[in-house]
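Hey, can you work out the whole structure from these sequences and the hints?
Just so you know, the protein sequences line up as chains A and B, in that order.
Going by the numbering used here, the first sequence opens with residue 238, and the numbers climb by one from there.
Going by the numbering used here, the second sequence opens with residue 238, and the numbers climb by one from there.
Among the clues, some could well be false.
What the hints assert, rightly or not - In silico PhoX-like pairs for lysine-lysine, Cα to Cα no more than 20 Å straight-line:
#1 Lys362(A) with Lys470(B)
#2 Lys362(B) with Lys470(A)
#3 Lys438(B) with Lys252(A)
#4 Lys517(B) with Lys371(A)
#5 Lys360(A) with Lys362(B)
#6 Lys360(B) with Lys492(A)
#7 Lys434(A) with Lys450(A)
#8 Lys360(A) with Lys363(B)
#9 Lys360(B) with Lys470(A)
#10 Lys395(A) with Lys473(B)
#11 Lys251(B) with Lys517(A)
#12 Lys372(B) with Lys517(A)
#13 Lys470(A) with Lys492(A)
#14 Lys360(B) with Lys473(A)
#15 Lys360(A) with Lys491(B)
#16 Lys517(B) with Lys372(A)
#17 Lys360(A) with Lys492(B)
#18 Lys491(B) with Lys363(A)
#19 Lys360(B) with Lys362(A)
#20 Lys434(B) with Lys316(B)
#21 Lys473(B) with Lys362(A)
#22 Lys492(A) with Lys372(B)
#23 Lys360(B) with Lys360(A)
#24 Lys330(B) with Lys273(B)
#25 Lys360(B) with Lys491(A)
#26 Lys252(B) with Lys371(A)
#27 Lys363(B) with Lys491(A)
#28 Lys363(A) with Lys492(B)
#29 Lys360(A) with Lys473(B)
#30 Lys395(A) with Lys395(B)
#31 Lys395(B) with Lys403(A)
#32 Lys470(B) with Lys360(A)
#33 Lys491(A) with Lys362(B)
#34 Lys434(B) with Lys363(A)
#35 Lys473(A) with Lys362(B)
#36 Lys491(B) with Lys362(A)
#37 Lys371(A) with Lys251(B)
#38 Lys492(A) with Lys363(B)
Hints are computed from structural coordinates only; laboratory data are not their basis.
Protein chains: 2
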Amino acid sequence: MNIYIATELSVIEKKIIKINLNKHNVYFSNQISQQKPNKNFLKCEIVFGNIPADWVQQSSKIKWLQLASTGFAEYSDIKKNFLNKKVMVTNLKGFFAAQVAQTVLAGIFCFYRGINLFPLLKKEKKWIGEPLRKKLEILNNKNILFLGKGSINREVAKYLEPFNCKYSFIDSRTKNNIFYNKLKLAEIIICALPGTKNTNKLFNVKVLNYLSKNSILINVGRGNLIDENHLIKKLKNKSIKGAILDVTDNEPLKKNDPLWTCPNLILTQHTGGGYMDETKDKVYFFIDNFKRYFNGKSPLNIINPSRGY
Amino acid sequence: MNIYIATELSVIEKKIIKINLNKHNVYFSNQISQQKPNKNFLKCEIVFGNIPADWVQQSSKIKWLQLASTGFAEYSDIKKNFLNKKVMVTNLKGFFAAQVAQTVLAGIFCFYRGINLFPLLKKEKKWIGEPLRKKLEILNNKNILFLGKGSINREVAKYLEPFNCKYSFIDSRTKNNIFYNKLKLAEIIICALPGTKNTNKLFNVKVLNYLSKNSILINVGRGNLIDENHLIKKLKNKSIKGAILDVTDNEPLKKNDPLWTCPNLILTQHTGGGYMDETKDKVYFFIDNFKRYFNGKSPLNIINPSRGY
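Put into structure tokens, the structure is as follows:
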């Protein structure tokens, strides 16, 4: 079979693929331009990696696209991208759950235990000590609202068990009045919703204004979920306690983006899903899924691109 | 009864004491000098707060000293401080466990998820993003060594349950060869040992050199447990991954202390035990313990000062 690898890999990762798929033709491409499809790509039945969505329509060979991400909003326009092709698409659902959940936990504890301050105080060689103690908090008994019922939030909930927190899960189908009432009470709001038409700017001025003074808003979903200008206002006038954004409207942030200078905000620069062995483990996932495909089994994580999540 | 309050309290906290102990004479003292005992102190049978150790010998009235701390090394010289007085001493054992344990967890996740870097990058308006992902880690399956079997480490262990870590507990009675072997394998070392003669500079050059390249050393015990100069060397040449010090040899750190400029080090400025309601909750603990004492029951947390922990 002809296999196109559209993910940037190290020498070792390439070797892992070569050894495991040594009976097949594997074409590696490190640089994916947004322009016309690569010649090798056009020969391949199987693709691993996030090629530009409009390449799909231009291939007469592609049968299976294994994405290297969980999100796939950019492929959701089936009519335009897939024409009438029957291309199976699989994603990495659940692959990032532990990493992102641990970034969420890191962020929460940073606010409660002051660790967002200590690196800056250290740089200034400034000892505060005792007076800081009274500003710290513990996680126990907090009221937590999970937006999204997927693997990330379920993983976070697992980690929170020892802390006796009160929590509820809602999603984009939850009725507005229930959502608003829960928002008012929440001390930690963890948003792991996908980017769809329904969730675009879900946290608009009205919704952000339901947040309480003690609340921490965390977004590990998609960057377009929040009205960033209004969030900045609320953080500046301390009408919420803090925010942790792994995803933002613009990535990378431009030098003049007002988020950079916004107080009580932790920016994790879309690293939430990352870890040392991330790419290697993605490669192993693809190899295992390929073996299922090759042996006539159904690959794991088949998605319906038109749903958008 | 005459009760002396040697802890700095807010108006509200004083009111809580006055209301609860309204049948007794309560003397408040906000400023404890290291010199001669306060006159009111000399009238009192009961003391709440950490008075200078040598005051005890000068009082003919004192029967019970409720400390506002867990540690009590400064009272350990019974012969000098207590002469032959039968003074009952109680401490706040366990009171700080959840707070300190959560500072420990915050520190660990900061290293693994990069949050010790993000506040500094934000200040510089510097986006790194993608390349940072490969430097991040997750807590799962790490090898953890707890030094000390007290309430802090037991609390941390409770929090670590969802992460499938391998861990062992040792204390200052563990044989050296067992200690050294465990140190070599440990990826996270959490030191919550008390300050005694046995533990002084426990982490000397030899012991620090057993730590592996991937290890994070955390000290929430006493500042004198670690040879700081050698720790700095190891952090600078990256022969260990990182360190989190809640306690240091000198507190507050002087401007020229080399810890300030040491890389891969989080300094939490002895705030580990702190939280918003810390003093109020200490007051409530004292009131409850006083009621036990007054009703002829044994107060909680009676300690033997000569043991030093």
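* If any of the earlier hints don't hold here, list their numbers in rising order. => Hints 3, 7, 10, 11, 22, 24, 34 are the ones this structure does not satisfy, whereas the remaining hints hold.
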